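Same order as they appear, the protein sequences are chains A and B. Number 297 marks the last residue of the first sequence (this note's numbering); no jumps. Number 456 marks the last residue of the second sequence (this note's numbering); no jumps.
None of these hints come from the bench; they were simulated from the model. Incorrect hints may appear among the rest.
[Claimed, not checked] Covered by chain A, per the in silico footprint, the following chain B stretches (three or more residues, Cβ under 8 Å):
| no. | region |
| --- | --- |
| 1 | 80-88 |
| 2 | 99-106 |
| 3 | 179-190 |
| 4 | 202-212 |
| 5 | 358-366 |
| 6 | 438-451 |
[Said to hold, decoys possible] Cβ pair distances, simulated, as ranges:
| no. | chain 1 | residue 1 | chain 2 | residue 2 | range |
| --- | --- | --- | --- | --- | --- |
| 7 | B | P72 | A | V271 | 44 to 50 Å |
| 8 | A | D294 | B | Q408 | 37 to 43 Å |
| 9 | B | V108 | A | I31 | 49 to 55 Å |
| 10 | A | A45 | B | T341 | 37 to 43 Å |
| 11 | B | T341 | A | S260 | 51 to 57 Å |
| 12 | B | A437 | A | D294 | 50 to 56 Å |
[As the list claims (entries may be wrong)] From the structure, some residues in chain B lie toward chain A, with a derived Cβ separation under 7 Å:
| no. | residue |
| --- | --- |
| 13 | E23 |
| 14 | S115 |
| 15 | N221 |
| 16 | E223 |
| 17 | V385 |
| 18 | Q410 |
| 19 | G418 |
| 20 | S420 |
| 21 | I421 |
These numbers come from a predicted model, not from an experiment. Glycine residues also receive a C-beta, built at the ideal position from the N, C-alpha and C atoms.
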Amino acid sequence: MGLRIVPDLYLTMLDAVSNDRARLNAALQEISTGRSVNSPSDNPAATAALIENTAQTNNNDQFQRSISSVQGVLETADTVLGSVIASLNQAIAVGTEGANGAISPSQQQALAQEVQSIQDTIQNLANTAYQGNYLFAGTAFSTQPFVTDPSSPSGVSYQGNNDTNKIQIGPSQYVSINLPGSTIFTASGSDVFQALHDLTTALQSGGNVAAALDEVHTAFNNLNMQRTFYGNALDELNSVNNNLSQQQLTLARETSTLISADPAKAASNLVQAEYTLNAALSAFGRISQNTLLDFLK
Amino acid sequence: MGGLSGTLGIAINALIADQGSLEVTANNIANANTPGYTREQAILAEQQPVQIGNLLFGEGVVLQSIQSIRDPVLELRIQQENQIQGQLGSFIGGANQIQALFNETQGVGLESVISQFFNSFQALSTDPTSLPLRQGVLSAAQSLVDAFHQASASLQQIQTGLDQTVTQDVTQVNLLASEIAKVNAQISSARVSGQSAGALIDQRTQLVNQLSNLIGLNITNNESGTYTISTENGTPLVVGVQSFTLQTQMDPASGTQHVYFNQNDITSTITEGALGGTLQVRDQTVPSVLNSLDTLAASIVSSVNAQHSAGYDLSGNPGGNFFTPLTGTAGAATQISLTVTNPAQIAASSDGTPGSNGNALALASIENQPIVSGQTATDFYAGMVNNIGSQVSFADSRQQAESALILQLQNQLNSVSGVSIDQEAANLVMFQQAYEASAKVVSIVSQLMQTTINMT
């Protein structure tokens with residue numbers, strides 16, 4: 001007798017069919033869920049990369065939320081400073097009128113009154129709060145920054161501090177979100193309140209209105225310069241926000257490459273698995289139909 | 001012995017031998033699909049011839065024995081691969097439970113709570129006096145604490161489950177060992193009385209396969225036909241007709257069930273079979289993941305506490321600890337808890353001014369600092385998940401290779417020991433014809449005898 005062959009292919013066939021079916025199920029799962037990685041063991045390295053990606057996506061989300069939550073503050077501050085500049089322009093016009101020697105003392109008194117009221121308006125603007133926080137108090141934003149104070153030379157004293165806050169808008173990118181009121185309104189040499197106070201006094205007492213007007217000009221220039229901080233900060237936040245949105249898209253694409261099914265590949269796997277399974281099944285149907293017994297009469 | 005009655009004797013013996021052969025064939029056909037059945041063969045032999053005068057007369061055929069056709073070397077190989085298969089199966093089962101706890105591909109695990117915790121400080125930095133944002137930090141911190149508690153509790157539950165499996169497996173090992181010893185005794189007495197032990201040996205092979213699926217074995221054949229079976233380190237389970245029992249007992253140091261023989265702890269020597277795989281997950285994989293979690297929790301606690309102490313709360317008081325300080329790394333994931341319970345106590349300020357956000361930013365930036373074994377919390381965690389996934393993936397592919405190998409060995413064994421219906425059908429024809437021929441001889445001898453009797 002020759003070499004004895006495996007009399008029963010049952011085990012081999014069953015194994016082949018179950019392997020084919022497993023491949024078919026994997027392909028079906030991949031197509032129906034749209035993912036090729038469903039647990040860490042499916043692709044450990046991709047899972048680790050996915051974790052890093054998700055963390056970065058979450059951080060970027062937070063950076064964008066931070067940006068949108070400070071945009072309101074910055075925009076309000078910018079608008080307020082715009083109003084202050086308009087008021088100062090008005091004060092300069094009043095002062096220019098007062099510097100004209102032709103006007104009467106009573107007219108000068110009226111102009112002094114007008115400047116005083118402009119100063120009050122600016123003081124109110126400088127005390128603007130956004131959602132309960134004073135905009136120009138440094139980091140002491142629960143303290144009203146500019147209070148009327150007869151003992152101060154300008155009649156107004158600054159109660160805030162000289163600190164600023166930053167927020168994080170990128171992995172190592174920070175942006176300052178405020179300027180202390182002392183830098184904007186009461187910087188030495190360009191103190192808005194001192195200048196307006198001096199202008200009022202000069203108009204009231206027939207003093208050197210032109211010199212006082214110069215002071216107002218200086219304060220105006222400083223304030224105009226400081227205001228650009230807010231514009232610049234808003235521009236920066238906008239552009240970073242756009243970059244972050246772009247990054248989020250890239251990260252989402254990467255995540256998808258890491259764990260998503262490749263539809264074309266999955267479909268061809270499916271077809272192949274179906275084909276081999278059908279082949280194995282039909283082979284299964286063919287075996288062990290006939291033995292020698294069938295031919296013995 | 002010569003003469004007609006001698007011829008009749010030969011024919012009748014042939015009928016008996018053919019009948020026996022047919023019986024063996026019938027039994028083979030009946031057991032064609034019986035798992036573990038080894039085909040049998042009737043061993044026919046010539047009778048001792050007799051000398052009459054100077055002539056030697058053949059005395060016909062005798063059914064000498066019924067032999068099982070087996071290949072002990074292949075059977076041993078299968079049994080050895082079986083124990084590796086058993087080990088991989090139970091390892092994958094246990095490790096799959098662990099990776100399910102950290103299945104980040106489905107959003108399960110610690111990544112989101114770690115991110116959200118540090119992001120809550122970022123959010124607070126945009127408005128450091130805001131009570132809702134401060135409350136947000138506390139809820140994110142509580143979620144982080146809960147996630148650590150839950151992960152470590154789940155790991156401990158997995159460990160407890162595996163512990164029960166160890167006890168059940170050892171009970172099963174003892175049961176199988178005593179069964180094998182009983183079958184050994186039957187085989188040995190069948191041998192002594194010269195009976196065929198094929199069915200008994202098949203039964204024992206099945207039992208040994210079940211046993212090797214549970215625990216790694218060394219097997220030696222004894223002269224009496226019995227087996228001596230010991231574990232990987234030589235602890236006896238079966239010696240001939242005697243079996244020995246393993247005990248399980250709580251190990252005070254680990255709090256888990258250890259395996260003992262005669263008061264000796266043999267736990268660490270069991271590496272194969274389902275028991276070996278279960279012990280591997282219980283004693284190595286789970287503790288290593290728990291240790292990683294503890295390390296991660298302890299690092300977050302100590303670095304957040306250090307930074308929090310450097311800041312000032314809403315009332316301008318020094319920050320102090322954010323988390324309750326830990327005594328050590330062990331158990332950190334279970335013990336982690338919050339010290340700060342009042343949102344105003346969160347130290348967002350770096351200088352005591354309520355509106356300062358410097359410390360909130362510094363706390364948020366811990367996320368990107370190398371605080372755990374030179375890695376960020378996220379990197380360390382990703383490494384941990386990668387490691388678990390790789391272990392499962394490696395065991396998976398080994399198991400596939402092992403299955404293919406076992407299938408191949410099984411086929412090889414079947415080519416020796418499996419029943420071929422074709423072959424049995426041929427035997428059927430052969431023995432049928434032989435039986436018919438012998439019956440014809442009986443009938444002819446009978447006619448001859450009749451003729452002889454009628455002669456008188």
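Verification of the supplied hints:
no., hint, verdict
1, 80-88, "violated (count 0)"
2, 99-106, "holds (count 7)"
3, 179-190, "violated (count 0)"
4, 202-212, "violated (count 0)"
5, 358-366, "holds (count 4)"
6, 438-451, "violated (count 0)"
7, B:P72 / A:V271: 44 to 50 Å, "46 Å, holds"
8, A:D294 / B:Q408: 37 to 43 Å, "30 Å, violated"
9, B:V108 / A:I31: 49 to 55 Å, "23 Å, violated"
10, A:A45 / B:T341: 37 to 43 Å, "41 Å, holds"
11, B:T341 / A:S260: 51 to 57 Å, "43 Å, violated"
12, B:A437 / A:D294: 50 to 56 Å, "25 Å, violated"
13, E23, "18 Å, violated"
14, S115, "4 Å, holds"
15, N221, "24 Å, violated"
16, E223, "29 Å, violated"
17, V385, "5 Å, holds"
18, Q410, "6 Å, holds"
19, G418, "5 Å, holds"
20, S420, "3 Å, holds"
21, I421, "4 Å, holds"
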